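**Student:** Spelled out, the chains give:
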Amino acid sequence: FPTRPVDRDKAETELSLNIKKATSPEETAPKQKHVRKCIVYTWDYHSSVSIWTGLRVQPILSDEVQTFKALIMVHKILQEGHPVTLKEGQNQTGWLETCARTVGNDGQRGYGQLIRTYVSFILSKLRFHRHRPEFNGLFEYEEYISLKNIDDPNEGYETISDLMNLQDQIDSFQKLIFAHFRNSNNNECRISSLVPLVKESYNIYRFITSMLRALFRRTGDAEALEPLKQRYNSQHYALRKFYYECSNLKYLTGLINVPKLGQDPPNLTDNGAAPELP
Amino acid sequence: MSSLQHMGKSTLRVVKNYTKGYSDVQSKVRDATSNDPWGPSGTQMNELAQMTYNQNDFVEIMEMLDKRLNDKGKNWRHVFKSLTVLDYLLHAGSENVVIYFRDNLYIIKTLKEFQFVDEYGKDQGANVRQKAKDITNLLMDESRLREERRTRASMRDRLSRGGNPD
Chain A
1 FPTRPVDRDK AETELSLNIK KATSPEETAP KQKHVRKCIV YTWDYHSSVS
51 IWTGLRVQPI LSDEVQTFKA LIMVHKILQE GHPVTLKEGQ NQTGWLETCA
101 RTVGNDGQRG YGQLIRTYVS FILSKLRFHR HRPEFNGLFE YEEYISLKNI
151 DDPNEGYETI SDLMNLQDQI DSFQKLIFAH FRNSNNNECR ISSLVPLVKE
201 SYNIYRFITS MLRALFRRTG DAEALEPLKQ RYNSQHYALR KFYYECSNLK
251 YLTGLINVPK LGQDPPNLTD NGAAPELP
Chain B
279 MSSLQHMGKS TLRVVKNYTK GYSDVQSKVR DATSNDPWGP SGTQMNELAQ
329 MTYNQNDFVE IMEMLDKRLN DKGKNWRHVF KSLTVLDYLL HAGSENVVIY
379 FRDNLYIIKT LKEFQFVDEY GKDQGANVRQ KAKDITNLLM DESRLREERR
429 TRASMRDRLS RGGNPD
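Chain order of the listed sequences is A and B.
Just so we're aligned: 176 in the numbering used here is position 176 of the first sequence, and the numbers increase by one with no gaps anywhere.
Just so we're aligned: 331 in the numbering used here is position 53 of the second sequence, and the numbers increase by one with no gaps anywhere.
Bear in mind the hints are in silico, worked out from the structure with no lab data behind them.
Take these hints with a grain of salt, some might be off.
[To be verified] Simulated restraints on C-beta separations:
1. Glu188(A) to Asp412(B): 24 to 32 Å
2. Arg380(B) to Arg8(A): 17 to 25 Å
3. Ser438(B) to Glu188(A): 47 to 55 Å
4. Asp435(B) to Lys241(A): 49 to 57 Å
5. Phe1(A) to Asp412(B): 23 to 31 Å
6. Arg218(A) to Asp401(B): 44 to 52 Å
7. Asn374(B) to Leu17(A): 27 to 35 Å
8. Val84(A) to Gln408(B): 27 to 35 Å
[As the list claims (entries may be wrong)] From the derived model, a few chain B residues whose C-beta atoms are all more than 12 Å from chain A:
9. Leu290
10. Glu341
11. Ala370
Quick caveat: nothing in here was measured; it's all calculated off a predicted structure.
Note that the Cβ used here is the ideal one computed from N, Cα and C, for glycine as well.
All chains, please: the whole structure from these sequences, using the hints.
**Tutor:** Printed below as a string of structure tokens:
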């Protein structure tokens, strides 16, 4: 089934090695080349089962850094893996909860709270995708539009407020990550968890912007939409601050382009297109 | 790096092409996407583009590009040049190249976070990341790709008819 020249046996063996290396005990970012191999695997074979199995057999839960790296990896695979990954991820809530339960109160190296918050964010993300399978893992607007074929505002209100809930969760999680930076050592491992958060928050932002605009256009009922607009505005300022702080992290800006938002939130009654990709 | 070293490398490549039993077509892809510090030449890319119209050659080219695109950080030039060649093939090669890489878009998309810092601390991954982003956007924009392919074809047409107004 892959149209690429591949060898499944070899892929399976390499996969467990990739998982092991991505979740090594060193306090660094999970190496992208290993994470990438996992993502590519899900597309080649339309399955993520071996990855979840691989994660279970690795002895990662006894070490907070390994657990945190595993969560970063899981997040990235849910975002960029084949859509089946989001479905199969639904069966992994038990394992995720175990990750949160196993880590000591604050952990020796201060990852305890980060792990618990990351798990609860991933669980919310999985719940969202269960209810709304038309969104891909990274909330990519182009793919949504091509799937739905239209820019339909009718399903709007509720979807927007669910998206906003996720956005709020990302925001409190990123604040927690920044609060856990340590002056003494490098923060590469913590910073690398911001990468998928920047991408996801920006795509959600683009989504909400165009859906709200469509709602305003379609209903013209500014009064009913006022609460969403208020919330949109405050999320705009929060995101702007988040990206500003990210843009000062050299390690992060070397990996991705951090978006720069305008001083004020975009006008929702304009007919403007979605904000550009960074 | 001295040119002697590069001479050594290209000789080694010739030997590898032979001992590993690479076909002519595969050797051409390997030459165009080598670790030499200069880019693939227009002639090389054009030749590969023409060859994608032959089904057998097409398969061999895709196979070798796939290998190069998935190479490790130290060989970032393999990856970068494969993207350069791919960009060219998408514009001037057969429609099959477009279909193949739409199907396997994730190979390119996941290179948007490619990382490699060389021994002098220079971030060589940046080139790959930017190119991967450009090609992803191109592949996802059907109408732009159509338009660019059309322009390229008519330009080639005019050039080839240049001295021969019939």
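**Student:** If you check each hint against the structure, which ones fail?
**Tutor:** 10
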